[in-house]
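Keeping their order, the protein sequence lines are chains A and B. Position 15 of the first sequence, counted from 1, bears residue number 15 in our numbering, the numbering being contiguous throughout. Position 53 of the second sequence, counted from 1, bears residue number 53 in our numbering, the numbering being contiguous throughout.
Hints should not be assumed to be uniformly reliable.
Repeated chains share a single entry, so a pair holds when one copy, or any two copies, can fit it.
[As the list claims (entries may be wrong)] In the DSS-like style, the derived pairs of lysine-lysine whose C-alpha atoms are separated by at most 30 Å in a straight line are: (1) LYS76 / LYS233; (2) LYS331 / LYS142; (3) LYS331 / LYS357; (4) LYS76 / LYS227; (5) LYS142 / LYS76; (6) LYS142 / LYS405; (7) LYS142 / LYS227; (8) LYS331 / LYS405; (9) LYS357 / LYS371; (10) LYS227 / LYS31.
By construction, these hints were calculated from the structure, which means they are not laboratory data.
Protein chains: 2
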Amino acid sequence: VKTLIAAALALAIATPALAQNAAALRDAALKDDTAWNVVRSLTSEVGARPAGSLAAARARDWGVAKLRELGFSNIKVEPYTVTAWERGPESAELTAPFRRPLNILGLGRSIPTPAGGVEGEVVVFASYDAMLSATDRQIAGKIVLVNQPMVRAQDGSGYGAINRNRTQGASEAARRGAIAYLTRSLATDDANNPHTGAMTYAAGVRQIPAAAVSVPDANVLADLAAKGPVRIKLSMMSRTVPGAPAWDVSGEMIGTGRPDEIIVIGGHLDSWDVGTGAVDDAAGIAITTAAAKIVGQARPRRTIRVVMWGAEEIGESGARYGRDHAAEVPKIVAASESDNGAGAIFALALPPGTRTKPEFAELQSTLAPLKINVVAAPATGSGADTAALHQAGVPAFSFDQDSSKYFDLHHSQNDTLEQIDPGDLAQNVAAWTVVLHFIANSTVDLRVPAPAR
Amino acid sequence: VKTLIAAALALAIATPALAQNAAALRDAALKDDTAWNVVRSLTSEVGARPAGSLAAARARDWGVAKLRELGFSNIKVEPYTVTAWERGPESAELTAPFRRPLNILGLGRSIPTPAGGVEGEVVVFASYDAMLSATDRQIAGKIVLVNQPMVRAQDGSGYGAINRNRTQGASEAARRGAIAYLTRSLATDDANNPHTGAMTYAAGVRQIPAAAVSVPDANVLADLAAKGPVRIKLSMMSRTVPGAPAWDVSGEMIGTGRPDEIIVIGGHLDSWDVGTGAVDDAAGIAITTAAAKIVGQARPRRTIRVVMWGAEEIGESGARYGRDHAAEVPKIVAASESDNGAGAIFALALPPGTRTKPEFAELQSTLAPLKINVVAAPATGSGADTAALHQAGVPAFSFDQDSSKYFDLHHSQNDTLEQIDPGDLAQNVAAWTVVLHFIANSTVDLRVPAPAR
């Protein structure tokens, strides 16, 4: 009974102190410009940095220097190889009923066209399902365009609903005899720049070239196709590079009490080749690095590791990290990736049962001024690069960010520093700071849910 | 005295009837979809249409067919020749401190670079004035970038304030020894696409290549140049084509009472080569054509002529029209061009003294529901294509449109149908309908101001 009372007393004293410190760090984070400077530096001094490119090697060096500059320890570069994809010259042209250029971007992993390009009649579908229910006769020998608009949503759910249009469309079109596949850009605005992204070919299906068309050009193709035959010529050079070098860069703020208990956070260092990868994902790197620095300087009990993953966009860094760090999983108390841009956070999900543990009692009130709810539903994951860790049993925490404008920018030339609101970015840093501070100064095992109350 | 009383009685009866008809036409115009269909048809069925291009000939045929379809008479094609400018392949690349592509668009009338391109160190100025006050030593042998942001303003005044950055910058830089000239795009948003537009070389000054850089890339160049030497390579192919064919297309709604008194209105049919020229200036053509059709169908006294000018962007159609129609000037009772996009109208300016004439007494109340003020300051002009007419004495009326977003789109790939708000477009048509109805059914000479009251 004495032990229980002592523990309760310790809690009664310790928890408000933790909350007070968290509130002070939160307010400091709101004024801290580390994250902004990190995004600005990465986007202007490195720029676009696809895995396997020369720029990715510059990004690696940038990451090491930045972590050192910000006071991280145990800075590591973990090398591996990926199958890189490199865009070459690309063009598309309407050839009938008249000639005009079209704005396209080849999809990542698409095969190139034959040297002379591929030309054919276009068949336009207003949705992916319409393509799936078309007859082979409608599609065979033609270039398919799926012209399905993307829905704008605060939680970004418009993306999940339409993702297959980009990732799987080529093989579905090829199954029905198509000679090339075009998707309307997965974009929530109507700007005239296409949005790229990775696609995959289904096993055993003929591979055809695949590209994204800008929204306005997709609309024009649909308008014209409603009046008569429309033909286009698509020309795409690209290179697949097996065994290309890639790197994850990481650094730690070492815990003062339980250094062997590690919180793994981060973002991905690679980006698409257009724009400067500001919201995807310099922001994630900046937010997690800045929060780790702020919490780290307050000397937390547990270790915070920031990882800059090197091949998220081509889907290769998450599995690699899980594989190479399998032995470390028991020591990783929690993990989370920031990879949803720089929009303000509105919700936090924690591992099952964590929300009701006494150590986290003040978390909601500390986050409330940032307009963030700690939701009851537990986190089911965080990002692609932490997925393998979570599958191996590492508890996840995750933030919901306002994604209303994220898909105006995503995978496009408009993903640049100018599109980030410094206030929203600072709100992210403050939220991560608070949550990291609570977890890093807690002693509880997040794998063990609190008893139901 | 009897005549005066009769005239006053006629006015007392006629003016409210005119206003009643105008209100009815206004409300019909708000529901009319002619303008939207015209913009959609021109942008999708013709697309970009620079003067001198093959597309311009298609635009000419489109104009004739559209005027015929909408019930216009006296449809004319007036041919002339222009010195056209045709963009060729263009690219720009940062070459130091590292390599990355840059988003540029050559300016209209720029000379090409030498075949191998031009490479040099960049000197960045935060404003045009800063360049003008720089020493030759700062500029000689370098590539100048003027990185001056454009101000967003309802009345579009940010454009006039910065226009010389694009039109005159190359010669000013060349006077100081520059080898090429770059202007930050004249754009009110931060999207990553450059904005083109015409420039001119000052007589007697060495001609150097000139291009617009996207806003984000201009910011990156400025960021990097603040840290150390920055070099870029610019490569621009282009062709100047003297004697290229151009055409103005026109049609009339013939007056029932005074057919020889002509109101000349219209927009320009040519566009830049990027985007589809929706707000610049398919909208102007659509607004004036739709309004003329609506007023014309109500059988006005005077004739309304819609002109689709063929070479506004390279500054050649206005002077030509004034010259070729000089003999007609006494018959043209008023003229106005719509060439400021599709934003809602908020003000109307009339020829001096017109506002206070009894025939126009109900004009303000008829426009009030559209949220338009008839302002006291007289119109001083309307657009580039009517400037020569106004200089020759033709009275001008002109509308102020909300231009807050116009320069997000202007001369860029984002100038497409998707950026037009159908409600705003209809408001424009309704405003033009009202004003055309008043002028076309008036008998007064707008050249003669009303006596002061």
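Here is what the structure says about each hint:
1. LYS76 / LYS233: neither (47 Å within a copy, 36 Å between copies)
2. LYS331 / LYS142: So LYS331 and LYS142 fail the 30 Å test inside a copy (54 Å) and across (57 Å) alike.
3. LYS331 / LYS357: within (20 Å within a copy, 87 Å between copies)
4. LYS76 / LYS227: between (59 Å within a copy, 27 Å between copies)
5. LYS142 / LYS76: neither (50 Å within a copy, 41 Å between copies)
6. LYS142 / LYS405: neither (34 Å within a copy, 39 Å between copies)
7. LYS142 / LYS227: within (17 Å within a copy, 52 Å between copies)
8. LYS331 / LYS405: Close neither inside one copy (37 Å) nor across copies (53 Å); limit 30 Å.
9. LYS357 / LYS371: Intra 21 Å, inter 59 Å, cutoff 30 Å: intra-copy only.
10. LYS227 / LYS31: For LYS227 and LYS31, the Cα distance is within 30 Å only across copies (25 Å; inside one copy 57 Å).
Going down the numbered hints, you'll see the structure goes against 1, 2, 5, 6 and 8, while the others check out.
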